[in-house]
Amino acid sequence: MIVEAIGPGTGMIVVMTLIVLALVAYLLLVIVQLKRITDGLDRAIAGVGEIIQKSAPVNEVVDDINRNLDAGVDLLEGLLVKKAGLVDSVGLVEGLYPGAAAAGLRNFPESTRIEAPRIAEVYTKGTLTLARLGREAPIAMANPAGPVLRNVEYGSLAARELYSSVRHTNPEKLPRSPVIGTDSPVQYEQRDDIGQPRKRLPARPASP
Amino acid sequence: MTLWWIADALLLVVVLPVVVYLLHGVLSAARAIVPSVNRIGAAAAAGSKDLDATALLLTTKDQVAQTVAVVANYGGSLDVIVDDAEEAGA
Numbered sequence: 001m002i003v004e005a006i007g008p009g010t011g012m013i014v015v016m017t018l019i020v021l022a023l024v025a026y027l028l029l030v031i032v033q034l035k036r037i038t039d040g041l042d043r044a045i046a047g048v049g050e051i052i053q054k055s056a057p058v059n060e061v062v063d064d065i066n067r068n069l070d071a072g073v074d075l076l077e078g079l080l081v082k083k084a085g086l087v088d089s090v091g092l093v094e095g096l097y098p099g100a101a102a103a104g105l106r107n108f109p110e111s112t113r114i115e116a117p118r119i120a121e122v123y124t125k126g127t128l129t130l131a132r133l134g135r136e137a138p139i140a141m142a143n144p145a146g147p148v149l150r151n152v153e154y155g156s157l158a159a160r161e162l163y164s165s166v167r168h169t170n171p172e173k174l175p176r177s178p179v180i181g182t183d184s185p186v187q188y189e190q191r192d193d194i195g196q197p198r199k200r201l202p203a204r205p206a207s208p
Numbered sequence: 001m002t003l004w005w006i007a008d009a010l011l012l013v014v015v016l017p018v019v020v021y022l023l024h025g026v027l028s029a030a031r032a033i034v035p036s037v038n039r040i041g042a043a044a045a046a047g048s049k050d051l052d053a054t055a056l057l058l059t060t061k062d063q064v065a066q067t068v069a070v071v072a073n074y075g076g077s078l079d080v081i082v083d084d085a086e087e088a089g090a
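So the sequences go chain by chain: A and B.
Taken in order, the first sequence gives residues 1 to 208; the numbers are from this note's numbering.
Taken in order, the second sequence gives residues 1 to 90; the numbers are from this note's numbering.
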């Protein structure tokens with residue numbers, strides 16, 4: 001009776017129902033995953049939005065910084081060339097930054113064709129800098145192909161003589177350091193007249 | 001009648017497994033995307049946090065302007081103090 005009632009149409013309905021149930025179950029799970037993806041993308045978009053917002057003024061600021069630095073470089077290059085001359089300037093740059101002479105000075109294209117004097121080989125960098133600041137040392141005045149201008153082995157004296165200290169002259173005695181405190185041999189007491197109005201001398205009698 | 005039963009069998013044996021297989025593939029792909037999206041979100045948040053210091057660029061900009069101004073003043077003084085280089089052959 002029951003078997004006769006289950007015809008091919010009923011079987012079709014049952015199978016179709018199974019297919020629909022499978023569709024529903026899987027699609028629900030897919031919807032849940034898609035919701036998670038949407039939430040994650042929302043977070044990512046918020047982060048990217050912040051990145052865009054925070055990086056927006058960077059170009060303008062960096063361009064401004066570069067403009068200022070360019071002006072500084074132009075100024076210092078011009079000053080260096082004006083004071084030291086183009087040849088010595090190239091030698092100075094080469095001495096401080098070996099290999100930089102090949103690139104030359106930015107505002108002086110002809111500087112790339114100059115053979116850099118061997119400034120760094122005959123003077124230390126500190127001496128060189130001080131000398132270039134007005135101490136009139138004859139740096140790089142000689143032919144770069146010639147001998148060095150100072151004794152390389154004892155050359156530190158030339159650098160030390162640029163300073164006002166007398167220690168490099170090996171004096172027999174140097175002044176002793178002062179002793180201070182309550183036990184010091186010389187006590188410096190506060191004078192009462194300091195800060196007070198100057199005492200007036202008595203008026204001289206009128207000459208006859 | 002027999003053809004109907006054959007059709008039922010085909011639906012049950014062929015179509016239903018194919019549908020389940022395809023849906024399972026879609027679900028697996030969707031599940032695989034979720035960790036990637038989460039990592040992207042974390043990276044974006046970290047990148048945004050790294051850019052918190054960009055506001056200091058404004059300070060850097062001002063400092064650079066002030067430094068260049070000081071250098072310009074110093075250069076002006078040096079220009080007055082130090083003699084110009086003598087021209088070769090002068």
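Calculated directly from the structure, the hints in this document are not laboratory data.
Yeah, the Cβ is synthetic: ideal placement off N, Cα and C, and Gly gets one too.
Any given hint might turn out to be false.
Unchecked claim - As a list, the in silico BS3-like pairs of lysine-lysine whose alpha-carbon atoms are at most 30 Å apart:
| # | chain 1 | residue 1 | chain 2 | residue 2 |
| --- | --- | --- | --- | --- |
| 1 | A | K54 | B | K61 |
| 2 | B | K49 | B | K61 |
| 3 | B | K49 | A | K54 |
| 4 | A | K54 | A | K83 |
| 5 | A | K82 | B | K61 |
| 6 | A | K35 | B | K49 |
Claimed, not checked - Label pairs and their computed distance ranges (CB to CB):
| # | chain 1 | residue 1 | chain 2 | residue 2 | range |
| --- | --- | --- | --- | --- | --- |
| 7 | A | D70 | B | D84 | 38 to 46 Å |
| 8 | A | K82 | B | L56 | 31 to 39 Å |
| 9 | B | D50 | A | L28 | 16 to 24 Å |
Stated by the list, open to error - From chain A, some residues computed to sit far from chain B (all C-beta separations above 12 Å):
| # | residue |
| --- | --- |
| 10 | P8 |
| 11 | K35 |
| 12 | I51 |
| 13 | Q53 |
| 14 | G72 |
| 15 | K82 |
| 16 | E94 |
| 17 | L96 |
| 18 | G99 |
| 19 | E172 |
| 20 | L174 |
| 21 | G181 |
| 22 | V186 |
| 23 | G195 |
| 24 | Q196 |
A quick look at each hint next to the structure:
Of the pairs offered as hints, the one joining K54(A) and K61(B) holds, with about 16 Å between alpha carbons and a cut-off of 30 Å not exceeded. Of the pairs offered as hints, the one joining K49(B) and K61(B) holds, with about 21 Å between alpha carbons and a cut-off of 30 Å not exceeded. With a C-alpha separation of about 10 Å, the suggested pair K49(B) and K54(A) falls inside the 30 Å cut-off, and the hint holds. At roughly 44 Å between alpha-carbon atoms, K54(A) and K83(A) are farther apart than 30 Å, so this suggested pair is violated.
For the proposed pair K82(A) and K61(B), the alpha carbon gap of about 29 Å is at most 30 Å, so the pair holds. A distance of roughly 26 Å separates the Cα atoms of K35(A) and K49(B); the hinted pair therefore holds under the 30 Å criterion. Checked against the given bound of 38 to 46 Å, the beta carbons of D70(A) and D84(B), roughly 24 Å apart, lie outside it. A C-beta distance of roughly 36 Å is found between K82(A) and L56(B), which places it inside the suggested range of 31 to 39 Å.
For D50(B) and L28(A), the hinted distance range of 16 to 24 Å is not satisfied, since their beta carbons lie about 39 Å from each other. For P8(A), the condition that its CB be more than 12 Å from all CB atoms of chain B is violated, with the nearest at approximately 3 Å. Look at K35(A): its CB is around 10 Å from the nearest CB on chain B, not clear of 12 Å, so calling it non-interface is violated. I51(A), annotated as away from the interface, has a beta carbon of chain B within 12 Å; the closest lies near 5 Å.
For Q53(A), the non-interface assignment is contradicted: its Cβ lies about 9 Å from the closest Cβ of chain B, within the 12 Å cut-off. For G72(A), the condition that its CB be more than 12 Å from all CB atoms of chain B is violated, with the nearest at approximately 4 Å. The claim that K82(A) is not at the interface with chain B is violated, since a C-beta of that chain comes within 12 Å of its own (minimum 6 Å). Here E94(A) stays apart from chain B, with its beta-carbon at least about 17 Å from theirs, past the 12 Å limit.
With a cut of 12 Å on Cβ distances, L96(A) stays outside the contact zone with chain B, its closest approach being about 17 Å. The non-interface label for G99(A) is consistent with chain B: the shortest C-beta to C-beta separation is roughly 24 Å, beyond 12 Å. A cut-off of 12 Å between C-beta atoms confirms that E172(A) is not in contact with chain B; the least separation is 37 Å. Once the 12 Å rule is applied to beta carbons, L174(A) is consistent with being away from chain B; the minimum gap is 32 Å.
Every Cβ of chain B is farther than 12 Å from the Cβ of G181(A); the closest lies at roughly 41 Å, confirming the non-interface assignment. Listed as a non-interface residue, V186(A) keeps its Cβ farther than 12 Å from every Cβ of chain B; the least gap is roughly 40 Å. With a least beta-carbon separation of about 36 Å from chain B, G195(A) lies farther than 12 Å from that chain, consistent with its non-interface assignment. With a cut of 12 Å on Cβ distances, Q196(A) stays outside the contact zone with chain B, its closest approach being about 41 Å.
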